[in-house]
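*Asks:* Chains A and B, in that order, give the protein sequences.
Position 395 of the first sequence, counting from 1, maps to 395 under my numbering, and the rest follow consecutively.
Position 53 of the second sequence, counting from 1, maps to 53 under my numbering, and the rest follow consecutively.
To be clear, the hints were calculated from the coordinates, so they are not data collected in a lab.
Every residue, glycine too, gets a C-beta built ideally from N, C-alpha and C.
Certain hints may be false.
Unchecked claim - Just a sample of chain A residues kept apart from chain B, beta carbon distances all over 10 Å, derived:
hint, residue
1, 12
2, 36
3, 41
4, 77
5, 126
6, 286
7, 290
8, 338
9, 406
10, 424
11, 425
12, 432
What the hints assert, rightly or not - Here are the computed distance ranges between Cβ atoms for each label pair:
hint, chain 1, residue 1, chain 2, residue 2, range
13, A, 74, B, 66, 23 to 31 Å
14, B, 4, A, 127, 41 to 49 Å
15, B, 221, A, 17, 21 to 29 Å
16, A, 26, B, 187, 37 to 45 Å
17, B, 221, A, 74, 48 to 56 Å
18, B, 11, A, 400, 39 to 47 Å
Unchecked claim - In silico lysine-lysine, PhoX-like type, Cα no more than 25 Å apart, as pairs:
hint, chain 1, residue 1, chain 2, residue 2
19, A, 17, A, 36
20, A, 76, B, 8
21, B, 142, A, 177
22, A, 177, B, 219
23, B, 129, B, 167
24, A, 150, A, 80
25, A, 77, A, 150
26, B, 219, A, 17
27, B, 184, B, 204
28, B, 180, B, 195
29, B, 219, A, 339
30, B, 66, B, 142
31, B, 181, B, 167
32, B, 53, B, 129
33, A, 150, B, 66
34, B, 185, B, 205
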Amino acid sequence: MKKDLKEFKTFPSSTIKEIQRAANEGIYQIRGLGAKRKVPDFDDLVFLGASMSRYPLEGYRETCNTSVILGDRFAKKPIKLDIPITIAGMSFGALGANAKEALGRGASAMGTSTTTGDGGMTQEERGSSKYLVYQLLPSRYGMNPDDLRKADAIEVVVGQGAKPGGGGMLLGQKINKRVAGMRTLPEGIDQRSACRHPDWTGPDDLEIKIQELREITNWEKPIYIKVGAARPFYDTTLAVKAGADVVVLDGMQGGTAATQDVFIEHVGIPTLGALREAVDALKELNMHRKVQLVVSGGIRTGADVAKAMAMGADAVSIGSAAMMALNCNADLYVEDYKKLGTEPGYCHHCHTGRCPVGVATQDPKLEKRLNPIEAGKRIKNYLTTLTLELQTLARANGKSDVRNLEPEDLAALTVEAAAMARVPLAGTDWIPGKK
Amino acid sequence: MNFDLNKKTLREVNQHLQNVDRKKNTRKFEILNPQGQHAICAGLKDDIDVTVKGHTGYYCAGMNQKATVTVHGNVGTGVAENMMSGKIVVKGNASQSAGATGHGGALIIEGDASSRCGISMKGIDIVVKGSVGHMSAFMAQKGNLVVMGDADADLGDSIYEAKIFVKGKVKSLGADCVEKKMDKKNIGELTKLFKKLNISEDPKKFKRYGSARNLYNFKIDNVGAY
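Just chain A, same shape as in the assembly (with noise of 0.2 Å):
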């Protein structure tokens, strides 16, 4: 920009953009992935580290426990994993089978879980994956006691950070012969699934849903509660009031295949604040540790796994930075990211189905440019950067277990963020708005 001209900061000349674009199209915008305005997050925190008062572990060679028990509340086989680091729910549809299955095998080989998403399971999926968490979702696609039978765990999903109050979007041009077959629809509708369930209301019926669940599965399967972070500290109050054994909070930095901007932008609360209400309602209740509590939604680097943990997740779900792990974004295939309007890095075109690395996408010419072995690897890899990350973390404050790490171990660098995540801002005893 010139020096001599002064941009409206009202209107700022993205905002001029969207205004004439609506004004000629008369519509609002569709797009994937999540959130990319700036809001609060774990970049805001850091470490303290160890110091006098306290004694940090050798980096390389003292042990640091990464595993976690999921859902041993009610379940008769909870899921132990060896990182406490999922993948988060994406659906065949959204998603190409190569992709998913490349997520199955990272997962695998890191011995963690990997969740289907709104369209059913896939035997790809379930082939590669040692741990499977199954979605019951709204709209119900592809969903049979079969596949609820095969899964290691049920994720009942109730909100999305990305659009906490909205059900799912996939539109026609990703609905081919297969995901149609496994959705019961026609070939290239816009499927926009429901944002209620369609037989329960409330947490009293979801009590009542769970307890169905619990018997169809014989009482085996964890059965996890989904919630996009909008009231978090009820929502997690209601889920474990209605038997979840495992709350999973998704804040609104989390992505979704397709949603309409307004929504992405400006509905739920940043995950930092929301993962604080939620400990605040298990601790309150007395279930900290005995629900567990899984944290999503722009989770990104070993140090914000560290600080979800450190403020009380007992694990955390990573679903936009593992599709980033896959290609999402890469600076390949540059000519069809132009095709799109867009370049790497800025892409938010998983609607489209014109994914240009083959990861959100149901083309089969375009899904080639995924190889799920080696993309499957590239996970793998990824998982463990941000496993050696976290233990690193979690020695430097004295840890010998990452779950032991607390929120005495942080401090804020911003009012905002001391606020939120209640923690003091660095170098003072002071966390707003407590007394």
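Please arrange chain B on chain A, whose structure you already have, making use of the hints.
*Replies:* Only chain B this time, still in chain A's reference frame:
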């Protein structure tokens, strides 16, 4: 073989019915004193015949496969939800979401069914001998909903490829649901269904409703339909 839910737990009864010993060749079961318990006969997966003597709570015969379950009473929310196959007969009335998301098999309700009967149905055949509540067959994808009485407001809202047949009055149709011609093919299909389910009815007395397919792909011109 009888099970008395005053004497056995629901888990014990369901576990037995879900794991029938084929060598014993016992195929008929009776459940006494259900007392409105939830999830009775949920997750059955074998070709057995269960009679429930009394009222049941939510999700009776949920996700049923192959079994025939007859309830001599009323049923709560979500009877036969997500049923895959088999047959469920309700001698009384059914609460909300009867047959929700069902993929196959047949659900016969001899009384009335409350709202959202057949919501998101995916291939099941539902026959209601009485009337159905509002928003029945909402987002119904496949299968048949047959109503011998009346249908309340917003029948078939956002319906996909499921077919609705109503003998009585329809208060109103939901978004994208329209009355369709009841031609020979449809009469034949309904005749076949009645014959299969041993129901004495004249298919010619029914009107057919289904999707206008105008909302299958989002068009700004249709925005007023929502």
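*Asks:* Would you check the hint for residue 185 (chain B) and residue 205 (chain B), treating anything up to 25 Å between C-alpha atoms as holding?
*Replies:* With Cα atoms ~15 Å apart, residue 185 (chain B) and residue 205 (chain B) stay inside 25 Å; holds.
*Asks:* When you look at the beta carbon of residue 126 (chain A), is every beta carbon of chain B farther off than 10 Å?
*Replies:* 18 Å, holds
*Asks:* Taking the shortest Cβ-to-Cβ distance between residue 432 (chain A) and chain B, state whether it exceeds 10 Å.
*Replies:* Since the minimum Cβ distance to chain B is about 42 Å, residue 432 (chain A) lies beyond 10 Å and the statement holds.
*Asks:* Regarding residue 26 (chain A) and residue 187 (chain B), is the given constraint of 37 to 45 Å on their beta-carbon distance met?
*Replies:* With Cβ atoms ~44 Å apart, the hint holds.
*Asks:* CA of residue 66 (chain B) to CA of residue 142 (chain B), is that 25 Å or under?
*Replies:* 19 Å, holds
*Asks:* Over 10 Å from every CB of chain B: does residue 286 (chain A) meet that, or does the non-interface label fail?
*Replies:* Fine: 27 Å to the nearest Cβ keeps residue 286 (chain A) off the interface.
*Asks:* Looking at residue 406 (chain A) again, its CB stays over 10 Å from all of chain B?
*Replies:* Given that every Cβ of chain B is farther than 10 Å from that of residue 406 (chain A), nearest at about 39 Å, it holds.
*Asks:* Assuming the hint says 41 to 49 Å, is it satisfied by the Cβ distance from residue 4 (chain B) to residue 127 (chain A) or not?
*Replies:* 44 Å, holds
*Asks:* Does residue 36 (chain A) sit within 25 Å of residue 17 (chain A), going by the straight-line distance between their CA atoms?
*Replies:* Distance ~16 Å between residue 17 (chain A) and residue 36 (chain A) Cα, so the pair holds.
*Asks:* Could you let me know if the closest chain B CB is still more than 10 Å away from the CB of residue 41 (chain A)?
*Replies:* Given that every Cβ of chain B is farther than 10 Å from that of residue 41 (chain A), nearest at about 33 Å, it holds.
*Asks:* Over 10 Å to the closest beta carbon of chain B is the bar; see if residue 36 (chain A) clears it.
*Replies:* 23 Å, holds
*Asks:* Residue 129 (chain B) and residue 167 (chain B): Cα distance at most 25 Å?
*Replies:* Given pair residue 129 (chain B), residue 167 (chain B) holds - Cα atoms ~10 Å apart, limit 25 Å.
Checked against the numbered hints given earlier, the structure satisfies every one of them.
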